Amino acid sequence: MSYVQNTDSDRLEMLRETGVSSFEELLEPIDERLRVEGILDIGPAMSEAEVASRLGALASANSPASEMASFLGGGIYDRYIPATVRYVLSRSEFYTSYTPYQAEVSQGTLQAIFEYQTMIARLAAMDAANASMYDASTALAEAMLMASGIKRSGRIIIPAALSRRVRAVLDSYAAGKGIEIEEAPFSGDGTIDGERLEEMLAEKAAAVVLAQPNYFGLIEDARTVSELAHGAGALLIVLADPVSLALIEPPGAYDADIVVGEGQSLGIAQSFGGPLLGFLAAKTPY
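To get the working numbering, take the position in the sequence shown, counting from 1, and add 234.
Where hints are given, some of them may not hold.
Stated by the list, open to error - Derived lysine to any residue pairs resembling SDA-like cross-links, with alpha carbons at most 20 Å apart:
{"no.": "1", "residue 1": "Lys517", "residue 2": "Glu414"}
{"no.": "2", "residue 1": "Lys385", "residue 2": "Glu432"}
{"no.": "3", "residue 1": "Lys517", "residue 2": "Arg386"}
{"no.": "4", "residue 1": "Lys411", "residue 2": "Ser387"}
{"no.": "5", "residue 1": "Lys438", "residue 2": "Asp475"}
{"no.": "6", "residue 1": "Lys517", "residue 2": "Ala365"}
{"no.": "7", "residue 1": "Lys517", "residue 2": "Ala359"}
{"no.": "8", "residue 1": "Lys517", "residue 2": "Ile384"}
{"no.": "9", "residue 1": "Lys517", "residue 2": "Lys411"}
{"no.": "10", "residue 1": "Lys517", "residue 2": "Pro278"}
{"no.": "11", "residue 1": "Lys385", "residue 2": "Glu417"}
{"no.": "12", "residue 1": "Lys411", "residue 2": "Arg386"}
{"no.": "13", "residue 1": "Lys438", "residue 2": "Ala365"}
{"no.": "14", "residue 1": "Lys517", "residue 2": "Leu452"}
{"no.": "15", "residue 1": "Lys385", "residue 2": "Glu414"}
{"no.": "16", "residue 1": "Lys517", "residue 2": "Phe348"}
{"no.": "17", "residue 1": "Lys438", "residue 2": "Ala355"}
{"no.": "18", "residue 1": "Lys438", "residue 2": "Ser366"}
{"no.": "19", "residue 1": "Lys438", "residue 2": "Glu349"}
{"no.": "20", "residue 1": "Lys517", "residue 2": "Arg457"}
{"no.": "21", "residue 1": "Lys517", "residue 2": "Asp475"}
Since the hints were made in silico from the structure, they are not lab data.
A quick note: this is a predicted structure, and the numbers were derived from the prediction, not measured.
Work the whole structure out from these sequences, hints included.
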């Protein structure tokens, strides 16, 4: 449909309805020092090809993560995404997915969610997985709330080698629930200090959070942490990198109770930090 601008009579009617006599009167609340005098110098119109060329030239000043070793992601990584992923996501049943009027239309989406949950549960060696969260931070925060409710305790122990952004989200959730978050320090080798953790567990805690690998990229002694947590009656929550689970043992192998993580690296571009995909899996009792 062609663009049809407002006619003079349209403008007069809008001014009458808003109770002003002119367009300039609408601008009176704006300080004159902030108003543009004259006509904006925005140059002549450009064709699509010219715009693409101009934006490409501006973008060339950047150094993409695909061409450099980047350690800025803090949980968001540049991973190869197969071409089929973009194709599948471009299909209308995913691209414009919503609750349809005909139940049978949603079967494809429901099947995809089922397959996703099945694969996450298998990857983490857990019994069940949900249909995703906003991101890893909110998934971990929800796991923290789960543990607090299950154990009837408001004390959560997290590793000091944890992303500050993740910690900020945990603090935000904890503030409204009266949950106390304590940090277990890391030892000289960068992994969690087992002796200090054991001392902290002398007082009742709902859960111990373990990042595997941790924020420094180091592999933690997960079995020892699991034994310490369960020995003190606390749950073990693991913040796992799903790609790492292709090489290291899954959290279920060392008796983790709840597993969360960031699924962005499974097939989502970095996109300046979003959109993301948090996963959450747990044992059957929870």
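Hints, one by one, checked against the model:
Under the criterion of a C-alpha separation no larger than 20 Å, the hint pairing lysine 517 with glutamate 414 is inconsistent with the structure, at around 24 Å. Between the alpha carbons of lysine 385 and glutamate 432 the distance comes to roughly 18 Å, so the proposed pair stays at or under 20 Å and holds. Proposed proximity of lysine 517 and arginine 386 is supported: the alpha carbons are some 18 Å apart, at most 20 Å. With a C-alpha separation of about 11 Å, the suggested pairing of lysine 411 with serine 387 holds against the 20 Å cut-off.
Only pairs whose Cα atoms come within 20 Å are accepted, and lysine 438 paired with aspartate 475 is rejected, the gap being roughly 28 Å. Among the hinted pairs, lysine 517 with alanine 365 is consistent with the structure: their alpha-carbon atoms are about 15 Å apart, no more than 20 Å. Simply put, lysine 517 and alanine 359 have alpha-carbon atoms about 9 Å apart, close enough for the 20 Å limit, and the pair holds. Using a Cα cut-off of 20 Å, the hinted pair lysine 517 and isoleucine 384 holds, with the two alpha carbons roughly 13 Å apart.
Distance restraint check for lysine 517 and lysine 411: the Cα-Cα separation of roughly 24 Å exceeds the 20 Å cut-off, and the hinted pair is therefore not satisfied. This hinted pair does not check out: lysine 517 and proline 278 have alpha carbons roughly 62 Å apart, beyond 20 Å. Simply put, lysine 385 and glutamate 417 have alpha-carbon atoms about 19 Å apart, close enough for the 20 Å limit, and the pair holds. A threshold of 20 Å between alpha carbons decides the hint, and for lysine 411 with arginine 386 the separation of about 12 Å falls inside it, so the pair holds.
Our distance criterion of 20 Å between C-alpha atoms is broken by lysine 438 and alanine 365, whose separation comes to about 32 Å. For the hint pairing lysine 517 with leucine 452, the CA-to-CA distance comes to about 26 Å; that exceeds 20 Å, so the pair is violated. Proximity of lysine 385 to glutamate 414 is assessed by CA-CA distance (about 14 Å); at most 20 Å being required, the pair is judged to hold. Note on lysine 517 and phenylalanine 348: the hinted pairing holds, with a Cα-Cα distance of about 17 Å set against a maximum of 20 Å.
This hinted pair does not check out: lysine 438 and alanine 355 have alpha carbons roughly 29 Å apart, beyond 20 Å. For the hint linking lysine 438 to serine 366, the alpha-carbon distance of about 30 Å lies beyond 20 Å, and the restraint is violated. Taking the CA atoms of lysine 438 and glutamate 349, the gap is near 38 Å; set against the 20 Å cutoff, the hint is violated. Proximity of lysine 517 to arginine 457 is assessed by CA-CA distance (about 17 Å); at most 20 Å being required, the pair is judged to hold.
A threshold of 20 Å between alpha carbons decides the hint, and for lysine 517 with aspartate 475 the separation of about 18 Å falls inside it, so the pair holds.
Checked against the numbered hints above, the structure breaks hints 1, 5, 9, 10, 13, 14, 17, 18, 19 and satisfies the rest.
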